[in-house]
Each structure stands twice: as structure tokens, then as C-alpha cells.
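Please build the complex by placing chains V, E and P with the ligands on the supplied structure of chain A, with the hints as guidance.
The residues making up each chain are set out below.
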Amino acid sequence: MLLLDLSVPGRRGYALPKLDVEAIPVADLIPESFLRESDLELPELTEPEVVRYFTQLSRKNHGVDVGFYPLGSCTMKYNPRVNEDIAALPGFSRIHPRQPESTVQGALQLMYELDCFLAEAAGLAKTSLQPAAGAHGELTGLLIIKAYHKFKGEAEQRREIIIPDSAHGTNPASAQMAGFIAREIPSDPRGGVDVEALKAAVGPQTAGLMLTNPNTLGLFDENIEKIAEIIHDAGGLLYYDGANANAILGIVRPGDSGFDIVHFNLHKTFSTPHGGGGPGSGPIVVSKELVDFLPDPIVEHTDGKYHLARPKHSIGPVKAFYGNFAVMVKAYAYIRHLGAAGLKAVSENAVLNANYVMNQLKNDYHLPYDRLCMHEFVLSGKWQKEQGVSTLDIAKRLLDYGVHAPTIYFPLIVEEAIMVEPTETESKATLDAFVAAMKSIAEEAKTDPDKLKAAPTKTPVKRLDETKAARNPVLKYKRP
Amino acid sequence: MLLLDLSVPGRRGYALPKLDVEAIPVADLIPESFLRESDLELPELTEPEVVRYFTQLSRKNHGVDVGFYPLGSCTMKYNPRVNEDIAALPGFSRIHPRQPESTVQGALQLMYELDCFLAEAAGLAKTSLQPAAGAHGELTGLLIIKAYHKFKGEAEQRREIIIPDSAHGTNPASAQMAGFIAREIPSDPRGGVDVEALKAAVGPQTAGLMLTNPNTLGLFDENIEKIAEIIHDAGGLLYYDGANANAILGIVRPGDSGFDIVHFNLHKTFSTPHGGGGPGSGPIVVSKELVDFLPDPIVEHTDGKYHLARPKHSIGPVKAFYGNFAVMVKAYAYIRHLGAAGLKAVSENAVLNANYVMNQLKNDYHLPYDRLCMHEFVLSGKWQKEQGVSTLDIAKRLLDYGVHAPTIYFPLIVEEAIMVEPTETESKATLDAFVAAMKSIAEEAKTDPDKLKAAPTKTPVKRLDETKAARNPVLKYKRP
Amino acid sequence: MPYIPNTPEEQRQMLESLGLSNLADLFVDIPENLKLKRHLDLPEPLAEHQLLRHMSQLAEKNLHLDRCVSFLGAGAYDHIVPAVISHLISRGEFLTAYTPYQAEISQGVLQSIFEFQTLIANLTKMEAANASMYDGATALAEAALMACSVTNRRKVAAAANLDPQWLKILQVYLENQDIELITIGYSLDTGLIDIDSVEPNLGPDLACVLVSQPSFFGSLDDIHRIGGWIKSHKGLLVMAVDPISLGILKAPGEYGADIVVGDAGCLGNPISFGGPSVGFFAVADMKLVRKMPGRIVGQTTDRDGNIGYVLTLQAREQHIRREKATSNICTNQALNALAATIYLALLGPQGIREVAYQCLQKTAYLRRKLEAAGFRLRFKAPVFKEFVLQADWDWDEINERLLEHGYIGGFPLKRVDPNLADCVLIAVTEARTKAEMDQFVDLLRGWR
Amino acid sequence: MPYIPNTPEEQRQMLESLGLSNLADLFVDIPENLKLKRHLDLPEPLAEHQLLRHMSQLAEKNLHLDRCVSFLGAGAYDHIVPAVISHLISRGEFLTAYTPYQAEISQGVLQSIFEFQTLIANLTKMEAANASMYDGATALAEAALMACSVTNRRKVAAAANLDPQWLKILQVYLENQDIELITIGYSLDTGLIDIDSVEPNLGPDLACVLVSQPSFFGSLDDIHRIGGWIKSHKGLLVMAVDPISLGILKAPGEYGADIVVGDAGCLGNPISFGGPSVGFFAVADMKLVRKMPGRIVGQTTDRDGNIGYVLTLQAREQHIRREKATSNICTNQALNALAATIYLALLGPQGIREVAYQCLQKTAYLRRKLEAAGFRLRFKAPVFKEFVLQADWDWDEINERLLEHGYIGGFPLKRVDPNLADCVLIAVTEARTKAEMDQFVDLLRGWR
Ligand SMILES: Cc1ncc(COP(=O)(O)O)c(C=O)c1O
Ligand SMILES: Cc1ncc(COP(=O)(O)O)c(C=O)c1O
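Protein chains in written order, with this note's numbering: chain A, 1 to 480; chain V, 1 to 480; chain E, 1 to 448; chain P, 1 to 448.
Note that these hints are calculated values from the structure, not bench results.
Every residue, glycine too, gets a C-beta built ideally from N, C-alpha and C.
It cannot be assumed that every hint is accurate.
Said to hold, decoys possible - Now the in silico label distances, taken between C-beta atoms and shown as ranges:
no., chain 1, residue 1, chain 2, residue 2, range
1, A, 5, P, 41, 30 to 40 Å
2, A, 443, P, 16, 53 to 63 Å
3, V, 363, E, 175, 46 to 56 Å
4, V, 300, E, 66, 23 to 33 Å
Here chain A stands alone, though its shape is the one from the complex (with noise of 0.2 Å):
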């Protein structure tokens, strides 16, 4: 039953005071051609129905507050709740962006000291906050790569980005927006970049290397100086896609390694809530060489005053007003809550979590990359597959136990891949009840495949056809 289901004509949900002013007849106002004849197809219901409709919608959803949420490259933590109740208070969720800056001196305070934050985190000089998310976060970093060397003149020699072959989608697909060809690279035998390959890769028409590190395999990179050097030699900048940094924080800062731009995803690695696929908030960290490039405006304080300033070169900007504010309040209240010391026990936890379980599991299914990794891991569901299993079964058939299946079929380079991330904020016997489920499962592939392949079954719904959904797309309600 959808919306449209359950509506009845002249029901109503919400109520507005009543009209207090004269009204005069619409025609009056607006020229009849202007004004909509078709009918405003929406459904028709009250409060107490809308309510039992989502509260029951919601029951059919996985989060992590109901359970394990092991979801690789998407650091799927603890989402405070205390920083919902700071985010909704009035001054921070009541403001508008267009008032005048001496109002909302708050607001600026805290986008001004969570650009220092971050900037201090990444070993960077200063941040754009204005990225929507790590994907826009990585389009507006390439723009300034862009900038940069149209700066210099060599904008249209530079056209090349250059990306390893374990990269997260988004990278290419970023380069491709800003108007770059995507430079594909290849991964040594331990899972990091090929650094002969990426001698071999570089040239003129270099403008930059896309990185993450750890990366999507949730390893690091050692040769991290040397490839910075590579790139560097080339005239080329670093970018680093921070949205994996849950592992670093503390511990080593991608600046330091000679990165020129990292972008952070405060959804993932400062907690903020993930809301089913959004909002996050991708911000850029940029070093002091490219600060006049960062995006319309940036935050600036002088004279004991905050204010919005537009960078000398700024390549523009790349949303509208100043970001995903109510998502900078959350991530904000987690570092200060946190402070240097937490930060660092959560890459560590989130680092010793993630050794314990794949350690664990190394026996039951095929680790491609063995030694020691950072937030994650990657395993290789190949052996079950010569069994007659498929990664998808048997991510299926994990939630049956009440557990959301790792990352599946990510990164690219690993056969079969089963990307696992615990997070530092699962407890041992979390942990140790996942290990369970995946060596249960690793021997019903041998015992009884077919349960697997049948799987899931104890959820709201049974396993769903999706190349049905793809073939014949219904992407609306239509009346039965």
C-alpha cells in the first residue's frame, strides 16, 4: 500500500492559520494562462495516518541503531544523538542564509573553527565547507586542480587524472565532471598503487593523482612519499579522498604525506547520520598554495568579527549558500566532544576492530591481501563461488541473521569482494557474533548452498528481482 493507496478525497494532514489578510480573487493576481489546470495528484490523509504509515515504513528498514552495519568504504558508526538536539536548537536549524552577518556570529564561529579542525586534521591550511558531499567534495577538489594549473597557464596541457584501478567509482566519474580524462593505474601485489606504472603514467599532461589512503582495500599506502614525489616532479597535485580518514585521524595526516587536497566526509568519519543515503557533507581541506582557489565563499575572521569572504581566485562556487550547515553542527559537537585524544582512539579502535574480525575470518574465506589493515578489509568470496555461491548469496543470506551485508562486488580488483568495515563503535561481542555468522555461512556454502541462494528469508521481503526492476522500469505509483 503506497500513499496514494490509502488517501480519501478531503482528507487533510496539516492545517494553516487561517488567511488573515483581504483576499482578492486569484484572477486578479495572475493571468489565467499562468495559473495550473491539472490536477495536484497527492495523497489525501490525515496526521494519526501519515504517522502509522512512516513509523511502519521505518520498521522495514535496517540502521545502525538497529544492528551491525558492517558496510565497507561507508563507515557506517554511531550517530550521537545529543548532536540531533544541537543541530535542532532554533539558532542553528531557524536561521536564514541571507541575513546580515552580525546575526548569525554563531554560525560563522562554528564553520570558522571546524575549518580550523579539519585543516588541523588534514595537515592542510584551509577549508571549503561548501561540498555537499565526498563526491562533490572530490568535483570541487578538481576543480581547483583545474584552476590552479589554468592558473599557471597550463590548463589545457594538464587534462589527465590519474587513478588507480582500486579507486571508488565516484573518482572517475568526478574527473569526468570536471572536465578531465580519467588515467586508470594499476595495483601492485600488496594492494597499493603500482609505482612503476604510475612512473610510466605521468607526463605533461599530468594534473593530478586521485588517492585514497587507506585505501578502498584498507591498506596504506608506504610508498605514499614517493608517489607524492612522482606527482609532484610531474607538476602535477595530490588529491586525497578522505572519505575513508576514520582510520588516520591522529595518526598520520594525508598533508604531512604530501597531499595538496583531501576531501573529509563528515557523515562517515565524524558521525554524522548517514539519513538512508543523505545529506552528508564532503568538505575540502586545500593547502596554503591553493587557498585562493577554494570555492565562493569561505569563512574569514578579523578583528574579533566572522565573515564570508570570496578567495581571490575562487573558482566559483558549487552549491548554494555555504554547505550542509546543520550536518558542519553535528560533526562540530563530535570533535569537540571527542577532542585530539578521542579522535585518535577511534582509528584506533576502528583499526583494531578491523584486524580482529578479518583475522578471524582468514580461514573461511579467501583475504587476497594478507597483512595488516586499517579501518577495513577486503575478503574475496572465490572459494565459495567454486562452491556454486555467489558474493551475493551469501551477503543475502547474512541478513538473515539481522546483519547488513559488508560492501559487495567494491573495490573492482578483488574478485568476488566482500568489503568489511566494523567501525571503532562495535562492541567485541558484535563483533564476535558477525565472525560467527560468516563462518556459519562459509559452511552452509559447503553444506547447503541452496539455503543461500534462497536467502534472504526472514526479512520484510524475500530476495528482490532487480533486473526485473531495470528491464521494465516503474519508477512511480500508477493507479491499479
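Leaving out everything else, chains V, E and P with the ligands in the frame of chain A:
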């Protein structure tokens, strides 16, 4: 798994700010003999674990937000969420009951106005908001009856409270707590008070009558004026158990029918949430003659200021401070939101919904009193009983349909009673689905009684053994 | 109409199915002369948006505790409430459920109550606790009634240094059942009660002694003595305790208390002008359970042998025994009990100890400061988070002056005992800071 | 440490299982010289209680819309938000889930997105909509890119009376892909754009015309003409619309728009200093769907034939096509889209019409009042909820004066067009009252 099963030594879910004053050894402040020696066996968990635990628990619970909840005599209507926001405003939730009156004028004004609203709805003079729930209101009202008789010098003589056999169990229990003798009288064939029996029962020993009208059969006692006359003539007072006032708002007022004291259940009629069993609020409203006996304090309004006062012959306080203030805030907001026309519509639609459902079901279940009902009605499972299926089985089977069962085995005067109260906030579609479920259960009772006896099967646990629980009570966690 | 789904067309259909033609026909059973012929006299309805404005304005007329510094206690305390609690208790499944009559779809509420019973029993070191009471005051009154029922005696003795409001409520509950209440006075030197002051031959008549630890004055009584005495007369020891204090103070079970009650509002519930709070009720012995008032949840198993929870021992209750019920409680304070449960789960043993410890240390700090500033502490006995300050002042006037500086002073004791007319009761919780206390003392010192 | 369950003892056990002896051993792969040898330079941690105080203090430094009366619009609006929305979207199952990759345990989010797509499509009268965009501005930019991709052309024309910020963002998105942006100027008499002003031979090169209805000035353009013209050149008509306006104004589908975008933040989301908002994106034809950016949810069935929902047409997305993806959007604005969905479900057709109607009427009222007070309205075209007021004033200074009276004035247009240096853009939503508007006009009149 209970909290103490999940506990791990050393975990903490909340940290206070660090102590900011110089610490003195405890022994220098408090002699050893006053200090706790025994262990403090509380769970040790972090916030994420606590959140997940209680989120999971909640998902094993039905509520009005989840589905239909036609629990008779409980008025499980929709609880507007805006009222939760309002009660949580710091100006209401963060005030201390002993603050100077000048600093809580808003709170006192709200209480004063709510007092007036309830008095108007009751057709009586003045309200005490102190009772914590309906039963507490009953006790309070009975103490007022006692004080009144004492004031008139008749306390020794008037020791009996007359209570119809259809009454809610709290009525006789409250009479007992107030030091009265409860005298039960039978109902007549139409479900009302047996007037002849009442006449026979009254006398110089009569302190008063407790009546629910509409009574627990959902029927309005047409003889109410006669009844009032009999009691008043005998020198007694009339107490109105207004837990069921959802049927009468703006339609008929207890005071106008001769009642001297009324309690309302704010958590029923006035939509404040039931919270899994409370908090409620059971204000009582009394006639002019009884105002001086009200509990201490009441709110008065003089010279533009609101203040707390002790009624001249007050029975004393019945609860700490002023009652369940946050509940009052919600009820007040509800009344202000609906206004007089809205409240009347509440009752009209509550009664319409009940009659609609009753009429649909009366061929499938025995309807002992086949006449128009008010906000609720009582079926009997006796036809099904003859088929070997009890009302308990019917109730349990309903759970499998995603519906909370009606109140069962109450009122006591109906065999295998099934007491249905749909409330006005349910849609016709929901009522129709309930009717369909009840009809198919009636069918199953004939064709597949074992299915009912095995019910429920789709719930988080199957049918629970209540006898076992009572025979060998396990009332707290014991370490395995 | 807000919250009512029936449209006029649906109303028509439904009426038609009943053979009626309009809504008024539904009310034929009500005598015509009794029907209200007008609308209720209430203010015009406010749309939600207007309602929110109106309610905010009312709220703004109150000075709330985030906008001032308060040293008020005397039965309600400004303790810190972890933010996550309100999020959990406002989940619709908890908020909009009722008493768990249908256990199979109410395991959430039932299990949470079982946790509450467990944690209260563990905190107090008692054998069993119930699902909650209206508040601490009524719990105390019900404890007295229960003691009478258990012992078959009709007299109870209560410490005069109990919260005076609780004493009054006790009096109301008892006098109407013709139970005699004897109070045991306190010493004006120590604030402590003297059990020897009870008329000796009363002992064997007493159902119980009711005593609170700490007392209304924050001071600690010699419960061992009091308990020993009443037990020697085969009466019960009933204790009222501040649950926070049990992080540091001896548990009632260690004193041999038979019944323990208290107010658990201070555990994770907003103060809300004094209500809703939540009372607790615990007993030392399973034998006492069947006389206990209120709801009780017990563990059992389902058809498949899985563990589950149900309301149990309902034979005690008003639904079954009606006029012989142990009490008339029906709706209790479940959601507040849930908040208390979550609070205890979050804080754990270390956290509760820490809250108690900070209350103790901060109270001691303020006492030292005040003494150093030349003020007199009225009683010398050790105290927990409250104490009595004496000065030759009209405290109401001082409190008004304090208010001008954003401070809410203590509770003037002239309201409860003329002997203490020059005294004020000051509470210091973990929420107070050194800076706040220092400024408070500075202000007072300045007015000497 | 907050939120981290591992105790030192557990850390020890886990490290031991790895053959390691301390946490630092986990980081051996990081070159020693890169490791940070100190703590990050951040302020001292604040306990939750202190954090709340600190954050409240920061929040108090902002003047929020409940404490003043605002006529600011220009891309963000003070619309009324029903209270129930925040309760529903903050249920943990919505709030703490991510993009519904595992459909079988994500039906809640998936179905709610399907509803969002449905309601946006119905509101705009388009064939299909996606799951959300970052905001209206980026949605517009992505629409331009999509139009280029669909038509295989590299030039787009945009109305100069679009929100100037949106135009800038469009410029940023386009120039880096070497797409040329032509702006179509507006008349200083009417505020409306003149399609005849476009260089005639450009027509066949244009991928699309981008136009907003109402314009940044609140005025209504002749979309029929503009649409007819671009279609005659086989380019696409891309419309940006205020979703609230569609309760009263012609739907883009009625104008024959090919792509419709807009900002749905005004539907039930708090204004939050401009973000997070949520953009929407709809197309007129199922053929266009496969070029559409962003997530899309489709209906399907499970093994038992039950209806369910999945992310679909993922072949367009960055995970699959990587550098050939239709866009790079991954995390979008799901929770804000959910809020918008709930808003539309609560208000329904009558409610949305009423909001639009009240915006229209109140705007008209203020215009009348201002004209009666002798002020000049800059443009004569009909407007919806925003309009341009002209006066020979420094509007920044006037706004400061207004602030002293608790009013936030309009948006001074000197920031966007020197020709409008004496103008201000005033927005009137349904949240404004007659009394507020009357006082506003009185204030302004007094300063003439
Ligand atoms: C490694 C990596 N890079 C980039 C992104 C994109 O971030 P967002 O989804 O916030 O756009 C993600 C998130 O999925 C990621 O895991
Ligand atoms: C008819 C009737 N009277 C009294 C009560 C007692 O009210 P409460 O549960 O609030 O004490 C109830 C509630 O169950 C009731 O239905």
C-alpha cells in the same frame, strides 16, 4: 539477552564533566558506617549499545503509531507529536516546583486555564490537577466525599460507596483505599444501573455512588437523573468516573446530569500518550460546594497574578507538588488546538466509529446489549466458546493480524467479554480491516479452532505461559 | 478536524450503514434536557503553527534552569539528564503503547520493566521491586499501608525529618483508613531523629518505622539503631532513599530494610515542575511480594520455550480482587521508569558512583566556602547533597535579591518548622559548578 | 572514550589474537616519519553536559527566525514546517541507515524514495523523478549537462533572471566541461526575459534553455513562448520551479518542459542557514530516464511475487560506468527528501494549494500596502511570493534600522545588478501575519 548479560566491566555510557572542586577523602565527609559496602550490580555499556538495545526492544512492541489498538476503556487514540515538542520546551521541562511563583507564571497560567477548561467540560466548578492517574483521581474524589461528610458530621455514619457491578476494578479498590465499604449493585437488562436495586441499597450509610457514564459497556445510562436524585435524596454524593469521557465532550456534561465530582483521564480523552503504562494524569473537577475540600494546592488567579493556594478545608496533598505537569501541558495544547468544535467532533466520531464496527460484527459475535453504543461496545465470545475457542484465543489470534486485541474479560458482567474502543482517530479503512479480521477469526473458530489456540505465531514470542510466571515468580535478572 | 480521518462522505456512509441520518442520531440515549445546547466555552482553536507560538510564549514566562543557577532541592533536583534518553523513550512503540496487557506484542515494554525491577532491586539491595509508583511520596504512603497489612497492626511511626510534603501525603493516606500516624521528632541540634523518644510501650503496636536516608535536611540518621529497635518489636523497617545517593551510601538492604521506596525522577527524567516523576517500591523478601502494590513483571517462557515477560501476580490487583486489591494503581509511570532504566544503563556502577561522589564533594565544597565566609551550618551531622544554612535573614527577601543576579536560592524552612525560621535548605547537585558556587557565596557574603 | 565499547582488557585480548602487543603496532605500514608525533591541536574535550552548554551559547549568538520577523527570501524561505516531520525522520531506522544497497532490509527507505519520486512527478506533471539532488542549484547545473548529453550540443542558454547564485554555480559546472553558457537578459521594465533577444542563429546550437518560474524577482515569464522557441530548434526546455508555487501555478508538464528541477527544501525542511536542502530532478519522458543523474528507485517483485523496491538503472551510475557515469552523485539528500515526502503527504492537494494561495495573497497584500504608503514596485509583471521594491535608499542601512525593531528586511539587489542598486527583494510566505506586515510598512513609511 538482558542488560546485565551485555555488560562488560569498564564500559561507560555517559561521562560527567570533571569534578571542578577540590576533592576531600570521602571518609572525612561521611563516617564509614554510612557507606555502601555491597557491590553495585548495574550494567556497564556504552551509549551505542544502549541505543541499540532499547531500539531493538521497542521494535518488539505494538503502539498506536504501529497499528490499530482498540483496547476498550483505554482510549488509544493518536497522540499528537507537536505536544511532545511543546512539553519539552525548557520553559516547561526545566522548571523546579519550588521556584518563586513570580518565576513560573507561565506554568501557573497554563494550569489555571486547564483547570477552567476541564471545569467547563465537566459542567462543574473547580479542578485539582494533582492526581497522577485515573485511579488516583478516584481516591482523591472519594477522600473529598469523606471530608464533606465529616464536615457535616456524618462521616461515622456514611461508610458505603455504591458501585455498579459493571464498574472498573479501580472503583472498588479506590473505595477500599479511601476507607469506605464498597457496595456492589447489579445492572439492569439494558446494561444500566438497576434503579430498584439502587433504591434498596441507599440509606443513611450511603456516602456516595461511583458511576461511569457511558459505563464500561459503552452505554449511556438514560436513568442518570433518577439515579442522581436517589443518591442525593439519601444524602450521598455522585462521583463520575470520567475515564470514558471521549464519548461526551461538548455533548453532555456530568455536572449537568447531577454529578458532584468528576475525574478525567488526560492520557485518554485528551490524547496524551500512554507511555507503555504511564505517566497519566487524573484531574478531578468538583461542584462549587466541594471546592473548599480540594487537595492542596490549587491554582488561583487574582490581580493578574497566578498563585498556589490551599483550599480552606483541603483534604491535604495527595501527591508531591502539583501533579504530572508535563502531561497537563500536552492536554492543554490539545484543547487549545481543537477548540470546542474540535472536541465535539472527537466525541461524535468516536461514537460513530464504535457504532459502525459494532454493527458490522454483531452477526459474527454475540452482542449482549443490542442498542446504540457510545465510544465503545462489548461483544461476547460465548458463541465461539461453544465452538471450544475462548476469548483469549480470539485475542491472541488478532495479534497475528497486526492488531492489538480489545480489552478482554472485562466488564465482568459479560461472559467472555470483548470490549472494543476504536477511537475517532482511526480511519474507516482501518475499521474495515479490523472487521474483516474479526470475521475471519469467527470463521476460523468454526473451521480451524486449533489455529486460534496456537495463536499468536507471527509475534516476537509465541503464547506466553502466565501460570508459570505466577507460580514461580522470577522478578529480576539472575546471572546464569 | 485535526486528527480525525472521517470525511463527511465517510460519515454519511457509516451513518447509512447504521440506518441513521446524522451524527446527532447517535446520541438518542442521552435525555434531551441533559444535552448541551451550545458549544463548550473554550478559546478559539489555534492552528498548529499558532499553537506553537502561543505555547512558546507561555513557556517564556517561566524562568528555566538553563537560564539561572539554582540551589533548590527539597524533593526535586537539578540532575544532569543524558541527551539520548528522550530520543529512545519517544520512539512511538514505547510512547504510544499502554500497559502491556497483550504480552506477545508488548515484549519491549515488558522487558524494559523487568530491567527496571532488576536495577532498582540491585541498587537498593532488595529482593524484588515493582514496575513503578506515581512518585516517591505516594510510594511511601503505600509502603505504610502495606506494612499495616503485613503486620496486621494499625499504627505507624514516621521520622519527622522526612520530607514534610511526603509526611502530609502519608497522613492523608493513613487517616482515611483509620491508621494512626506517630511522628518521631528530630533534634534541633543535629537534625537527626531519636528513636528513644518514641513512647516505649508503642513499640509492639507499630506496623513499621518510616525513615528517609538522607533526611529532608540532607543529614544521615543512624538507621542501624532504628532498624534494630523496630525489628525487636517485629515491625518493619521502611526506608525512603534518594537513588542517586546509593552510589555511595549504604544500601537499604545492608541496613536490613523490609520495604524501600523512593523517587526515581532524578534518574534521567526532566524536572518538569515536579511531575511526572516516578516512584519505586522494593521489598526484602519474596514473601512480601504478594502484598506489594502496583504492577509486577515476571519472566516466563513461550510455547517454544523461548524466554519472555508477562505482567504477573495480578491476583493482587484491582482487576481481580477489586475491593480487596493491594492498591488501586492502574496507570503508573512506565515511561519515566523507562527513562530511569536507560539512565542507569548509561551510567552504570561507575557513573552512579561518580554522580553521588560529585554531589557529595560539591556540597562539601559549598559548605566549606560558606563557613569560611562566616555563615553557620545549622546541623552538624554528615550530609549528602543537601544541608541547612542559618542566617539572621528573611530568606524570601534574600531569594528575591539572588533572583536579580540570576540565582535561585534555597528553600526557606520557615515554611515547615518555626524553629528553623532563620534557615534555608540548600541543594548542590553534580550540575553545579565551582564558579557558580563561588559567585553565590560572594553574593551572600556581600549582603552580610 | 565516548561511543567506543572496547575496554583496555578487550583491546588487550584482541591485540593478543593478532599477535600484537599494543595499538601502535597496528600502524606499522605507515612510514615512521609520517606519523604524527603529537596530539592534534584541538580544544579540550567537553563532556556532553558542557558540550550542550557551549553549543547553546553559540546558537544564542544567532538571531533566529522565531525571534524576529523576516522578509528574506532570495533562494531560501521561511515556510511553516509541521511538527510531526522531525519525529518521523529521526526514527533510527531512517536516520542511521545509508543508501539502500541491500534492498531486502531497506524497504523503508526505498519505498519512501519511491513515494518522493511519485509526488515530485505528480507535482511537476512529469513522467519520472529521481531520488534527490544536493539542492536546486546543482540540480539545475546537472540538468544543463544532461541536456547537452541528450542533444549532443555544447551550448546552453539561461535566463538572466534566474537566481544569480544558481547562475554562478551553473557557470562553474559548465565551463569546466567546456560548455558555453549564454544568458538571456531581462527587461528592466518588467523583470522578464525576452527570448527574441537571443541571437537568432544560436538556436540550433542550443542544448536547452534554462528558465525559472517564478524568476528570482518573483515574476512570471511567458514560458509557452520560450518553450515553443527552443523546441522549434529541437533543444530542451529546462525549468526550475518553486514546488510550493505548483499548488497554484501551471505545472512544468503543462508547459511541455523536458527537464524540471528545483529546490524542495521549502517542503518540510528547516531552513538551517541554507543547508541541507534537497534538489529534485524530473523528466518528461521515460526515454530521458537513462540519462538522468542521481539515484532512482524502481518497483519490482520478490521471489514470492510480493511488491518491493530496489535501486535501479544503476548502469548510469559511477559505480558501474565510472568515468562515463551520468553524474558523480553518491550520497544525496535522502533524509531531506523524506521530510519533503512527509510534508506533501500531510498537506495533500488542498494543503499545498492553500500554502501557495496564502503566499500569493499575503504577497499581494504587502504590495498593496506598500504602494498605498507611496512606495514603488520595481516591476509590473505578476508575481508569486517575492517582489522587487524600489526606494531611493541605502537598503543595507535600512535593514540595520529594521533590525533594531526586530525585522529582517529584504535582500538588497545591488549585490546582483547595479541597475537595481535602489531595489530590494522581498519575500512573503504563509508564515507572515497581517500584523507583522502592517508594522513593517509603518516602519518603512516612517523613514521616508
Ligand atoms: C572511498 C570513497 N570515496 C568517495 C565516496 C563518495 O562520498 P559521498 O557518497 O559522500 O559522495 C565514498 C562514499 O561512498 C567513498 O567510500
Ligand atoms: C473506566 C475506568 N476507570 C478508571 C480507570 C483508571 O484510570 P488510570 O489507569 O489512569 O488509573 C480506567 C483506566 O483503565 C478506566 O478505564
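Against the structure, the hints come out as follows:
1. A:5 with P:41: 30 to 40 Å: 57 Å, violated
2. A:443 with P:16: 53 to 63 Å: 26 Å, violated
3. V:363 with E:175: 46 to 56 Å: Check passed, 54 Å falls within 46 to 56 Å.
4. V:300 with E:66: 23 to 33 Å: 29 Å, holds
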